[in-house]
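Okay, so the sequence shown: first residue is 4 according to the working numbering, each after it adds one.
Since the hints were derived computationally from the structure, they do not count as laboratory data.
Keep in mind that a hint or two might mislead.
[Stated by the list, open to error] Calculated lysine to any residue pairs in the SDA-like style (CA-CA distance at most 20 Å, straight line): (1) Lys21 to Glu9; (2) Lys132 to Phe98; (3) Lys21 to Val92; (4) Lys21 to Phe94; (5) Lys8 to Tyr38; (6) Lys54 to Phe80; (7) Lys132 to Val71; (8) Lys64 to His22; (9) Lys8 to His49; (10) Lys64 to His49; (11) Lys93 to Tyr38; (12) Lys21 to Val91; (13) Lys64 to Glu123; (14) Lys64 to Gly137.
None of the values given here were measured: they were computed from a predicted structure.
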Amino acid sequence: MMKQKEFYIPFSGLGQGKHEFEYTINNPFFESFGYDEFNAADIDLHVVLNKMSTMLEFEMKAQGTVNVNCDLTNEPFDQPIGADLELVVKFGSEFNDEDDEILIIPHGEHQVNIAQYVYEMLVLAVPQKRIHPGVLDGTLQSEALKKLEELQPKEEKKESDPRWDELKKLLTDK
């Protein structure tokens, strides 16, 4: 995995208080993690670091689009995404990232890499089921949709069995 240099935030030279960072995330970012589900990505990330004497607080907000293939038709479309993540960084004797919201780094460290947290936040922001907006509103014309409609099971009107009808009456008679 390629290390994302721009996602290393050096906090040792910063004064206490809030500091802001802006990033534009494109497909090479996801490819560096070996993730190739997106055709393209254009996401703006805003990071606010609140440096305190004993810990660091990160607030990350992302907005943008990822181009993905529809699960029904395989047609590419831009899926809007938005995500928020809060991360607390504390100092301890050794590195520990077992908790999703608290990162513990050794006392001597002077920078934090937030790339893994950004990656996970953005990948989880994309819906599990990706459906082209044209499928939902009926404007997309596709061979795959025509074939799915063709293969859809036909509803048959079944004659009711008179024995069951008599039993159903028992349920409603009170």
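Right, here's what the structure says about each hint:
At roughly 19 Å between alpha-carbon atoms, lysine 21 and glutamate 9 fall within 20 Å of each other, so this suggested pair holds. Restraint check for lysine 132 and phenylalanine 98: the C-alpha separation of about 36 Å exceeds 20 Å, so the hint is violated. A hinted pair counts as satisfied when its Cα atoms are at most 20 Å apart, and lysine 21 with valine 92 qualifies at roughly 14 Å. The suggested pairing of lysine 21 with phenylalanine 94 holds, with an alpha-carbon distance near 18 Å, which does not exceed 20 Å.
Our distance criterion of 20 Å between C-alpha atoms is met by lysine 8 and tyrosine 38, whose separation comes to about 18 Å. A hinted pair counts as satisfied when its Cα atoms are at most 20 Å apart, and lysine 54 with phenylalanine 80 does not qualify at roughly 39 Å. A distance of roughly 11 Å separates the Cα atoms of lysine 132 and valine 71; the hinted pair therefore holds under the 20 Å criterion. Taken as a hint, the lysine 64 and histidine 22 pair is honoured in the structure, with Cα atoms around 14 Å apart against an allowance of 20 Å.
Only pairs whose Cα atoms come within 20 Å are accepted, and lysine 8 paired with histidine 49 is accepted, the gap being roughly 17 Å. With a C-alpha separation of about 5 Å, the suggested pair lysine 64 and histidine 49 falls inside the 20 Å cut-off, and the hint holds. Distance hint between lysine 93 and tyrosine 38 is unfulfilled; the C-alpha atoms sit about 29 Å from each other, more than 20 Å. As the CA atoms of lysine 21 and valine 91 are separated by approximately 14 Å, the hinted pair is consistent with the 20 Å bound.
For a cut-off of 20 Å, the pair hint linking lysine 64 to glutamate 123 stands: about 13 Å separates their Cα positions. Restraint check for lysine 64 and glycine 137: not satisfied, since their Cα atoms lie roughly 28 Å apart, outside the 20 Å limit.
Of the numbered hints stated above, those contradicted by the structure are hints 2, 6, 11, 14, listed in ascending order.
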